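Residue numbers for the sequence shown follow numbering that gives the first Met the number 0, so the first one is 0 and each next one is one higher.
I should point out that these hints are in silico values taken from the structure, not numbers from a laboratory. Fair warning: there could be bad hints in the mix.
As the list claims (entries may be wrong) - With a cut-off of at most 16 Å between alpha-carbon atoms, the simulated EDC-like pairs for lysine to aspartate or glutamate come out as follows: (1) Lys59 <-> Glu10; (2) Lys127 <-> Glu23; (3) Lys96 <-> Glu69; (4) Lys127 <-> Glu30; (5) Lys109 <-> Asp82; (6) Lys109 <-> Glu20; (7) Lys59 <-> Asp82; (8) Lys109 <-> Glu30; (9) Lys117 <-> Asp91; (10) Lys89 <-> Asp128; (11) Lys127 <-> Asp91; (12) Lys59 <-> Glu5; (13) Lys117 <-> Glu23; (14) Lys117 <-> Glu30.
These figures come from a predicted structure and were not determined experimentally.
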Amino acid sequence: MRSIREQFCQERARVHREHVEHNERFVNQVEEKIPDSHDWSITAVFYAALQYIDAYLAQKGNVLSHKATEQNHRKRIQFIDKDHVLSRIKYDYLLLKSKSETARYKPPTKFIADDVQKLIDNQLQAIKDVILPHL
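Could you put the whole structure together from the sequences, leaning on the hints where they help?
If you want it as structure tokens, here you go:
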């Protein structure tokens, strides 16, 4: 029988996976229906990556606060640095984080559909390839 903590962690992992699916659907819909909103797509791609990582962490018993804080981002990086699986995708995660921050906080920056697709095909796919076998 699983402990309450294990059950909680499994539930958090499930919720994170649902958020991944939500973010990926959002990207597809935005790219299809609002083609000049690539900044939102890039942000959603980053959050899909973040949710993959958080699902993995929860699966391992490491649940971050549900509040989006800078402290959570720092803790996530610490986990990435220490975990032999996550350390393989550190560059991909940090690139998505950087592109998302550029999209959100530097509005004159323009992204094109190809930028979004490359981030999905390269960085997000690398993260999925590493994490999905562990979920």
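Do the hints match the structure? See the list:
1. Lys59 <-> Glu10: holds (12 Å)
2. Lys127 <-> Glu23: With a Cα-Cα distance of about 12 Å, the restraint between lysine 127 and glutamate 23 holds, given a limit of 16 Å.
3. Lys96 <-> Glu69: At roughly 12 Å apart (the allowed maximum being 16 Å), glutamate 69 and lysine 96 satisfy the hint.
4. Lys127 <-> Glu30: Roughly 20 Å between the alpha carbons, so the hint for lysine 127 and glutamate 30 is violated.
5. Lys109 <-> Asp82: violated (35 Å)
6. Lys109 <-> Glu20: violated (26 Å)
7. Lys59 <-> Asp82: holds (10 Å)
8. Lys109 <-> Glu30: holds (14 Å)
9. Lys117 <-> Asp91: Given that 16 Å is the threshold and the Cα spacing comes to 12 Å, the pair holds.
10. Lys89 <-> Asp128: Holds - the C-alpha atoms of aspartate 128 and lysine 89 are around 13 Å apart, at most 16 Å.
11. Lys127 <-> Asp91: This hinted pair holds, its Cα atoms lying about 11 Å apart.
12. Lys59 <-> Glu5: It holds: about 9 Å lies between the C-alpha atoms, which stays within 16 Å.
13. Lys117 <-> Glu23: holds (14 Å)
14. Lys117 <-> Glu30: holds (13 Å)
Consistency note: the structure conflicts with the earlier hints numbered 4, 5 and 6.
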